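Visitor: End of the sequence shown sits at 194 in this note's numbering; the numbers just go up one at a time, nothing left out.
Keep in mind that the hints were calculated from the coordinates and are not lab data. Mixed in with the good hints there might be a few duds.
Simulated DEER-style distance windows between Cβ atoms [to be verified]:
| hint | residue 1 | residue 2 | range |
| --- | --- | --- | --- |
| 1 | Pro118 | Asp186 | 20 to 30 Å |
| 2 | Asp186 | Thr140 | 15 to 25 Å |
| 3 | Asp109 | Pro187 | 28 to 38 Å |
| 4 | Asn188 | Asn163 | 11 to 21 Å |
| 5 | Ser123 | Asn184 | 36 to 46 Å |
| 6 | Val191 | Asp134 | 31 to 41 Å |
| 7 | Phe189 | Ser123 | 38 to 48 Å |
| 8 | Asn188 | Pro124 | 32 to 42 Å |
These numbers come from a predicted model, not from an experiment. Don't be surprised by glycine CBs; every beta carbon is placed ideally from N, CA and C.
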Amino acid sequence: MARDYYALNFLSPDVDVSPIVPALCNFFDDVLNSTVSELNFKTFVDGLGAVLYQYPFNVPAYCALILRSLTVLEGLALNADPNFKVELT
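Sequences and hints are given; from them, build the entire structure.
Guide: Written out as structure tokens, the structure reads:
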């Protein structure tokens, strides 16, 4: 999966992914082991952001816009209904 970041233009082809893989594994293991009540989109983006800032990632503008839009929409939904949950299936 780490090599997919080359194709998605998140990483330059000259970046070695071997030190990045453990950080991504830890992040995704935490996400996959979370219960639905613990997981929300903001938590997911915050956790992924922590990994992205540690390594030479370049987040394409289209992706940043999508992530920002989804977190804003989730915030609006939570404001309207505090029990709202995004189902990641």
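Visitor: Looking at the structure, which of the earlier hints fail to hold?
Guide: Of the numbered hints given earlier, those the structure breaks are 1, 4 and 6, listed in rising order.
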